[in-house]
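S.K.: Sequence:
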Amino acid sequence: MWPRPVGCHEVPLTFSSWKRTDRVRAGTYGYAIRNEAPWTRRKVTVDRVSCCHPSEPQDSIDRMNPPADPERTPDGRYVVVDHRRWRATDPEIPEDVASRLRHHLMAARRGVAAARRAADAKAEGRARKRVNTAKVALGERGDPWWEQSAEVRRLRWERGLHELDQAERQEGGRAP
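Per the UniProt record's numbering, the sequence shown starts with residue 1, numbered consecutively.
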């Protein structure tokens, strides 16, 4: 059976798998082999499990200093972050428009956090709607951008930017 950590003591453990499915916590060993795309596979070897100290300090250091450009799948449709695939932003969006959309996205995410802290359900709903509008305009949600014509893609980001600018003006903020 698995050795169980006691208090703050580290317990020797040797175990290998392709992917960690859960963080190691006291008495929790969540490892499994998953069938995933080859570019997301990484061999993980754990020598020790600790109940109160990170088992992989290098992992947390890597998260604090992410690479400038995230890894992409060979077809360029997804980015790979922490071994997960996320839909990439539409590459056809002009950089100035993409920058404004990212500004709106981050402002909306800050709005969600502020509304949650204030326990304001209506404000949280409005902020989440703005997050979704920005993600759809960037091509990260909704119909896949690679299946749309150039005209439909252009209309998608123009409509999204217009909606976000209007929402920001109504809330008293300034549009970038």
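Some hints could be false.
[As the list claims (entries may be wrong)] Below, computed lysine to aspartate or glutamate pairings styled on DMTMM-like, alpha-carbon distance capped at 25 Å:
1. 122 to 165
2. 122 to 92
3. 122 to 96
4. 129 to 158
5. 129 to 92
6. 122 to 147
7. 129 to 71
8. 129 to 75
9. 135 to 82
10. 135 to 147
11. 122 to 95
12. 129 to 143
13. 129 to 90
14. 122 to 168
15. 122 to 69
16. 135 to 120
17. 122 to 163
18. 122 to 90
19. 129 to 163
20. 135 to 69
21. 122 to 82
Think of the hints as simulated: they come from the structure by calculation, not from any bench.
S.K.: Now look at each hint and say whether the structure bears it out.
M.R.: Do the hints match the structure? See the list:
1. 122 to 165: 20 Å, holds
2. 122 to 92: 34 Å, violated
3. 122 to 96: Status violated; Cα separation ~31 Å.
4. 129 to 158: It holds: about 17 Å lies between the C-alpha atoms, which stays within 25 Å.
5. 129 to 92: Roughly 24 Å between the alpha carbons, so the hint for residue 129 and residue 92 holds.
6. 122 to 147: 34 Å, violated
7. 129 to 71: Violated. Residue 129 to residue 71 sits at ~28 Å, over the 25 Å cutoff.
8. 129 to 75: 30 Å, violated
9. 135 to 82: 20 Å, holds
10. 135 to 147: 17 Å, holds
11. 122 to 95: 32 Å, violated
12. 129 to 143: 17 Å, holds
13. 129 to 90: Given pair residue 129, residue 90 holds - Cα atoms ~20 Å apart, limit 25 Å.
14. 122 to 168: 16 Å, holds
15. 122 to 69: 36 Å, violated
16. 135 to 120: Between residue 135 and residue 120 the Cα gap is close to 23 Å, so the pair holds against 25 Å.
17. 122 to 163: 18 Å, holds
18. 122 to 90: Cα-Cα ~30 Å, so violated.
19. 129 to 163: 11 Å, holds
20. 135 to 69: 19 Å, holds
21. 122 to 82: 33 Å, violated
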